[in-house]
Amino acid sequence: MKSLNFSRWFPSGRTTVIGVPFLFLFVFFLLPFLLVVGISFSQQQLGIPPYTPLTKIEDDVFTLVLNIGHYKFMLGDDLYFATYISSVQMAFVSTVLCLLIGYPMAYYIARASESARDTLMMMVMLPFWTSYLIRVYAWIGILKNDGFLNQFLMWLGVIDTPLRLYHTNWGVYIGMVFSYLPFMIMPLYAHLVKMDLRLLEAAYDLGARPWKAFVQVTLPLSKNGIIAGSLLVFIPAVGEYVIPELLGGSDTLMIGRVMWDEFFNNMDWPMAATVTCAMVLLLLVPMAMFQHYQAKVMEEVK
Amino acid sequence: MKKKLVKKVLCSLLLLLPSAAVLADDKALNVYNWSDYIAKSTIPGFEKQTGVKVKYDVYDSDDTLQAKMLTGKAGYDIVVPTSNFMAKQIEAGIYQKLDKSKIPNLANLDKGLMAKIVDADPGNAHGVPWAYGTDGLGYNFTKVKAILGAGAPLDSWDILFDPKYVSKLKGCGVSVLDQANDVFAVALHHLGKDPNSKNPADYQAAFELLKKIRPYITQFNSSGYINDLANGDICLALGWSGDVNIAKHRAAEAKRTYQLGYVIPKSGAPIWFDVMVIPKDAPHTEAALKWINYIESPEVNAAITDEVFYPTVNAAARKFVKPEIANDPSIYPPESVMKTLFLLKPLPADIMRLQNRLWTQLKTGR
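Chains H and D, in that order, give the protein sequences. When the letters of the first sequence are read in order and numbered with my numbering, they come out as residues 12 to 313. When the letters of the second sequence are read in order and numbered with my numbering, they come out as residues 299 to 664.
Careful, some of the hints might be misleading.
[Unchecked claim] In silico DSSO-like cross-links for lysine-lysine, where the CA-CA straight-line distance does not exceed 30 Å:
# : chain 1 : residue 1 : chain 2 : residue 2
1 : D       : Lys643    : D       : Lys509
2 : H       : Lys155    : D       : Lys468
3 : D       : Lys510    : D       : Lys643
4 : D       : Lys578    : H       : Lys155
5 : D       : Lys637    : H       : Lys67
6 : D       : Lys510    : H       : Lys155
[Claimed, not checked] These stretches of chain H come out as covered by chain D in the derived footprint (C-beta under 8 Å, 3 or more residues):
# : region
7 : 59 to 71
8 : 268 to 275
Read the hints as simulated data drawn from the structure, not as lab findings. Even for Gly, the Cβ is constructed at its ideal location relative to N, Cα and C.
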């Protein structure tokens, strides 16, 4: 009897297993995020740290001061709205390009012979062995006016004046598609390789042309791969800082850069925190969509 | 017996602790300085002379340094902010006052130049300048003269601010520092207003001036323009004195056929000082003081100027500087030019925000 009571104080194995990731997320995601939310309601000051505390206790009176000025400022200045629109647009175009390039690649890999598959997937992942920053820097050498790409095209005689790619939005798109393509290919491949090929045979037997069979059978079956891949590309692309900073022009407007300006140039940590909170809110929408679809899939499986 | 041993070990460890700290104070130094700003011989010389091991990190903007310093506990013993940033940081109370009795080489410094920074550092109590420089125009003389003709006023800010001139230079490339602070100060000065103005209307006026020339600016850049100028990718740059001279040097080394050069417009230009200071939480204050004293020894100081083309306030060092550098008026401004230079001062937070907002608007067109 007694030992049974005692064991109630210990979490069961199941709770522990679930608890560890929750604890991890709590300590390394939620807690820091709450700190950021806190800073977004504070006031800029000169000193260490460069923002005022939210609470103080004076003469036994506890006061909590929430400054909503930064949120008001953000809504009042159209720069921030324009930046969000432009970030979402850049991320969207990159996602579509990734999908258009990634889908045929994933399809080909999934239909290749089993031994070739591993080699091909290996080649998709290979760039990850080099640091992300170095890879983006390498693109500067390729895209510059006198870079490899322009020299090659001019040698071929395709163009006679160099293409302006470096320091333009095109450079950013190229960098983003290159960096995020593996994130699109992997979930697509996982879905396509699992597909039951007999379904396609059935479609052919029923007289469907290859294109029709693809549109009516393969595409719907890989829908979840498309959604997962698109979100994996879209979400980090919205907040991307390194690629627009290194490859983009001075008129490339993205949230990451605005956040940097607030933090470093204006030394305004509260404003930077406000922009961050708004970005997280913005990213929660596609995340929620992802969750929604996942839940639906689970339901279908049941 | 075993317990005793443990106790013994613990005691000796405790005894070691303070001495380890002293050792660390003597034997290590963490320096955080601007990139491309030091001679190859500087650090080995210091290590040889003092036995202190130097860890040398670099940054490329005052904003980066400031963010690190304001977060606290950065672990650096020497940092080198620019005068206007330093003034704010001193106000925030993050730097310690120097124990000047430990820096005898302060006697080598030019008193007239030191007096220029008392606005930023009252009584020169916190900092010793590493180097100073000016903002001005970097030219590819060969190309610009070919385009604008011989009569163009190359010693005037008009070349940059008058669309009549700058529009013709767009084709060969125009670069402007990506520093709101510097560019607005120059624009305000060109309009005849106080370059350190605290009046928002003045900044709007400066913005209007900059907007007119915006279509002709091909890049905003604070470091890459050195190479672009050296390689002939741009022909006009609003840049920093030493950087343009580095470009000139590189172009000469590569045996380019064109002539590069730096001009301080005759109506005046910003002057700035990068100043060595010791953070309050520096772990090795003693070593930091030794470092400052070492840097201010004339030969060491001259070697830095020889390599980076920035003059220093060390008067005793000048006779050790290579004559072609020491006598170059674009590097060491003569007294007549010195009178026209103005120091950038710290701005209140709301003016800084306005300035940076207008800067974004200028660059992105929003």
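Report task. Would you mind confirming whether the straight-line C-alpha gap from D/Lys643 to D/Lys509 stays at or under 30 Å? Result -> holds (24 Å)
Checklist entry - Is D/Lys510 close enough to H/Lys155, meaning Cα to Cα at most 30 Å? => result holds (28 Å)
Does the structure keep D/Lys578 and H/Lys155 at a Cα separation of 30 Å or less?
violated (44 Å)
Take a quick look at whether H/Lys155 and D/Lys468 sit within 30 Å of each other, Cα to Cα.
-> Holds. H/Lys155 to D/Lys468 sits at ~19 Å (cutoff 30 Å).
Practice prompt. Mind checking the alpha carbons of D/Lys637 and H/Lys67 for me, to see if they're no more than 30 Å apart?
Written response: violated (50 Å)
Verdict on chain D covering the region 59 to 71 of chain H, criterion of 3 CB contacts below 8 Å: holds (count 3)
*Are the Cα atoms of D/Lys510 and D/Lys643 separated by 30 Å or less?*
holds (26 Å)
Given that the region 268 to 275 of chain H was listed as covered by chain D, double-check it with a C-beta distance under 8 Å for 3 or more residues.
holds (count 4)
In this structure, the earlier hints numbered 4 and 5 are contradicted, and the remaining ones agree with it.
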